[in-house]
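S.K.: Using the hints provided, position chain B relative to the given structure of chain A.
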Amino acid sequence: MRLSYLMLLVIQGCASVPGPFVREGADYGRDARGVWVRGPWELIRPSAEVDEVIDQLCPAVMSLPDARGHDDGVEYCGLLYVGADGRYHASAPSRLAAKGQAGSSSTKSCVIPVRVSDTNGFRSIDADFHSHPWQGSSLTPGFDTATRYQRYSIRIQFDTTCHVLKLVPHVNEPVPAEVFERVGHTWQLLRVIPVWDKENGKIDPPFEVP
Amino acid sequence: MRNFRHVLMLTTVLFAASCALFTRPYRPPHAAKSEAEKIKFHWGWPRKTAVLSGAWLRAVTMAMDDFLPAEAAEGHTEDEWEACLNRRENYHAEAWAWIPHEDGDGGIGGTQEPDGGMDLDAGMLDAGENEAWTQPGMPKTPAIIYVVVGLLPGHCELGGSPVLDMAATYAIDTVGWRILAVHH
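First to last, the protein sequences are chains A and B. Count along the first sequence from 1, then add 15; that gives the number in this note's numbering. Count along the second sequence from 1, then add 66; that gives the number in this note's numbering.
The set of hints was computed from the structure by calculation and includes no laboratory data. Given the structure is predicted, the values throughout are model-derived calculations rather than measurements. Heads up, some of the hints might be wrong.
What follows is a set of in silico ranges between Cβ atoms, one per label pair, in the way DEER data are often shown [claimed, not checked]:
hint, chain 1, residue 1, chain 2, residue 2, range
1, B, L123, A, T176, 55 to 65 Å
2, A, D86, B, H158, 48 to 58 Å
3, B, V248, A, E214, 20 to 30 Å
4, B, R153, A, H200, 39 to 49 Å
Don't be surprised by glycine CBs; every beta carbon is placed ideally from N, CA and C.
Pulled out of the complex, with its shape left as it was, chain A reads as follows (with noise of 0.2 Å):
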């Protein structure tokens, strides 16, 4: 009984077929000048539309091993850029992470890449990516949100539920940061940073996680 019931499991996890992953080396690294990631990714349909490149972009990355993982998750990040088509695309996305994050840890972090290989070129990075392995977690107050942190014009965060956030930085511009969250196909103003928070992406009052 207890032998066949071993077999039983054996041939399941053998006939398990693997979903999507990503691999350090191949679809993304880190060398003396920062963290690549390989585009375009092929889970995700490449639009004239950054909106349904973006709508795309929580439930492939979801798919992806330890995504889901809450303290034993990893945070994936990537690019949205312009392809030399003219349109919209994903990079795969990095789970580079420092080891010490590895394993059962409350502090997930997440490496900004700054360049896509993309073997038919690109013409602009518009916009990073990142996932929280966690639900019921946002932005991150002066971390996700502050000047500093920011490299591109876009900023897009999800957790496990798919809760999709996109902060608007407005670097180098005077006029305030925003928060906005995706309902249905619409994005709705979330919250606003004013001028003199930007700098340290302070979040004022409410304080309710959205």
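M.R.: Coordinates of chain B only, in the frame set by chain A:
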């Protein structure tokens, strides 16, 4: 067979007991006596100092111990970036108590907040307390102290890539001295 089980059980118990006996609690590394003798302690100290005291000191220490345990912080790694992230001096901590917004939800009154935060009156200094040992504008011992620990800006960047989310916010129970929750 029965004897074997007894022996196995006894061995396990002895092994566990020896582990408990020989595992020493963590202490920071100390310099050799010869090096320590060269250090001069000044009489008194400057006016400008960083002060953390009482419940606030304990809350921040507790959060840091969880965020970056001392054993991990002093572990050795060949990777420069990893080593940078493991150094506690590359982090900062901020602590606060939840105080109702003055012009918002109820002002600075005398009510207990749903999240356990306290108003200013309830947690203010005892009469005659030395203000030098308190946190300006903060109650002395609120029921919950929130502590955010995070990487200092510009530290440990990987080439041109900034590190996001290297932070966590803790809710510390200052009555039972537990970590109530961690917000990511």
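S.K.: All hints, please: hold or fail.
M.R.: Evaluation of the provided hints:
For the hinted restraint 55 to 65 Å between L123(B) and T176(A), the CB-CB distance of approximately 37 Å leaves it violated. One distance hint, 48 to 58 Å for the beta-carbon pair D86(A) and H158(B), is violated here, with the actual separation near 23 Å. The given range of 20 to 30 Å is respected by V248(B) and E214(A), whose C-beta atoms sit roughly 26 Å from each other. Look at R153(B) against H200(A): about 46 Å separates their beta carbons, and that is inside 39 to 49 Å.
Hints 1 and 2 from the earlier list are contradicted by this structure; the remaining hints agree with it.
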